[in-house]
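Undergrad: Sequences are here, hints too, so could you generate the full structure?
Chain residues, written in single-letter form:
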Amino acid sequence: MKIHLLFFAILREKIGQAEGTYEVEAGETVGGLATRLFGFKESLLFAVNHQYVPCDYVIQEGDEVAFVPPVAGG
Amino acid sequence: MWIKLTSSKINRDEALNSVRHPRCGAVVTFEGTVRGVDEGRPVLALEYEVYEPLFRHELRKIFAEIRKRWGIDRFALIQRIGKLEVGEAGLFIAIASPHRSEALEALSYAIESFKQRAPVWKKEWTEPEGARWVHCEHLTTTDR
Numbered sequence: 026m027k028i029h030l031l032f033f034a035i036l037r038e039k040i041g042q043a044e045g046t047y048e049v050e051a052g053e054t055v056g057g058l059a060t061r062l063f064g065f066k067e068s069l070l071f072a073v074n075h076q077y078v079p080c081d082y083v084i085q086e087g088d089e090v091a092f093v094p095p096v097a098g099g
Numbered sequence: 002m003w004i005k006l007t008s009s010k011i012n013r014d015e016a017l018n019s020v021r022h023p024r025c026g027a028v029v030t031f032e033g034t035v036r037g038v039d040e041g042r043p044v045l046a047l048e049y050e051v052y053e054p055l056f057r058h059e060l061r062k063i064f065a066e067i068r069k070r071w072g073i074d075r076f077a078l079i080q081r082i083g084k085l086e087v088g089e090a091g092l093f094i095a096i097a098s099p100h101r102s103e104a105l106e107a108l109s110y111a112i113e114s115f116k117q118r119a120p121v122w123k124k125e126w127t128e129p130e131g132a133r134w135v136h137c138e139h140l141t142t143t144d145r
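So the protein lines, in turn, are chains A and B. Under the working numbering, think of the first position of the first sequence as 26, with each following residue one higher. Under the working numbering, think of the first position of the second sequence as 2, with each following residue one higher.
What the hints contain is simulated information worked out from the structure, not anything from laboratory work. Don't take each hint at face value.
Result set (EDC-like, lysine to aspartate or glutamate): computed pairs, CA atoms no more than 16 Å apart in a straight line [as the list claims (entries may be wrong)]: (1) A/LYS66 with A/GLU53; (2) A/LYS39 with B/GLU138; (3) B/LYS10 with B/GLU32; (4) B/LYS124 with A/GLU50; (5) B/LYS5 with B/GLU66; (6) A/LYS66 with B/GLU138; (7) B/LYS10 with B/GLU48; (8) B/LYS124 with B/GLU138; (9) A/LYS27 with A/GLU50.
On the chain A side, residues computed to face chain B include the following (Cβ under 10 Å) [said to hold, decoys possible]: (10) ARG37; (11) GLY41; (12) GLY45; (13) PHE63; (14) PHE65; (15) GLU67; (16) VAL83; (17) PRO94.
For every residue, glycine included, the Cβ atom is placed at its ideal position computed from N, Cα and C.
TA: Encoded structure:
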C-alpha cells in the first residue's frame, strides 16, 4: 500500500528529500520502517496524520508518516 | 489561544494584546533568545525548522492541559522560523490569569512541555565546527 512520508531537519538531510511516497507491506510499523530507511529508530518520535504515535503503530493505507528527530525548541 | 509562526522579528505586543483581559491581573512571559555561546563554542546563528500541523496540534493539547489544571484560558505563543542571529528572540510565550502564582506555574509547565513535545529543530552554526542539528549529534554517526 502507498503512504506519504515526511522528513525533517537531520533526517531530511540524510535522505536528501523533504517528502516522498513509499510502498509498504501490510503490518509494517512506523518503527520498523524507520529502521529500514535510516538504519535506526532509537531517539526518534513518530507522527501519523499530525499526531504523535508509538513506534509500534501499524501503518494504514493513505497515512502521512512523519519521522521526528530529537526536538530542540524553547 | 493564539499561535503564530513567523519568519519576521517577533512582535511581543501582538502576543501581549491577545492575552490581556480586564479580569487578569497577571501577564507572565517567556522569551527564548539565541545564545552567543553553546558548550564553550561561539555561535554565529541558529536556524529554526518547524513541522507546523503537528506543532499546532501539540500546542492545542498543552494548552488544554493548562486550562484543565489551572483554569487559564489566555495563552499566546510566537515561534520564529528560519535563520536568526545571536540575541534575536526565537520563541515568545505569554499567559494571563487573575493572579500571578498560577500564571507562573502554568508558564513553567508550558515551557517544559514545549521543549519536550513541540516539533522544532535548531541548526546551529558555530566556529570553527560549522553547522550541526542541536540534540541530533548522535544520529550523524549512527549509520548502522
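Undergrad: Take the hints in turn and mark each one as holding or not.
TA: Here's how the hints hold up against the structure:
A hinted pair counts as satisfied when its Cα atoms are at most 16 Å apart, and A/LYS66 with A/GLU53 qualifies at roughly 14 Å. The straight-line distance between the Cα atoms of A/LYS39 and B/GLU138 is roughly 13 Å, inside the 16 Å bound, and the hint therefore holds. Proposed proximity of B/LYS10 and B/GLU32 is supported: the alpha carbons are some 13 Å apart, at most 16 Å. Distance restraint check for B/LYS124 and A/GLU50: the Cα-Cα separation of roughly 34 Å exceeds the 16 Å cut-off, and the hinted pair is therefore not satisfied.
For the proposed pair B/LYS5 and B/GLU66, the alpha carbon gap of about 20 Å is over 16 Å, so the pair is violated. Among the hinted pairs, A/LYS66 with B/GLU138 is consistent with the structure: their alpha-carbon atoms are about 15 Å apart, no more than 16 Å. With a CA separation close to 14 Å, the supplied pair B/LYS10 and B/GLU48 stays within the 16 Å bound. The hinted pair formed by B/LYS124 and B/GLU138 meets the criterion: a straight-line CA distance of about 11 Å does not exceed 16 Å.
Using a Cα cut-off of 16 Å, the hinted pair A/LYS27 and A/GLU50 holds, with the two alpha carbons roughly 9 Å apart. The interface hint given for A/ARG37 is met, as the beta carbon of that residue sits about 9 Å from the closest beta carbon of chain B, less than 10 Å. The beta carbon of A/GLY41 is not positioned within 10 Å of any beta carbon in chain B (closest approach about 14 Å), and the interface hint is therefore violated. Interface restraint check for A/GLY45: the shortest CB-CB distance to chain B comes to about 16 Å, outside 10 Å, so the restraint is violated.
With its C-beta approaching chain B no nearer than about 8 Å, A/PHE63 sits inside the 10 Å limit, and its interface hint holds. Annotation: interface hint on A/PHE65 holds; nearest CB of chain B at approximately 5 Å, less than 10 Å. Proximity of A/GLU67 to chain B holds as hinted, the smallest CB-CB distance being about 8 Å (cut-off 10 Å). Taking 10 Å as the C-beta contact cut-off toward chain B, the hint placing A/VAL83 at the interface is violated, the least distance being around 20 Å.
The interface hint given for A/PRO94 is met, as the beta carbon of that residue sits about 5 Å from the closest beta carbon of chain B, less than 10 Å.
Violated hints, in rising order: 4, 5, 11, 12, 16; the structure is consistent with all others.
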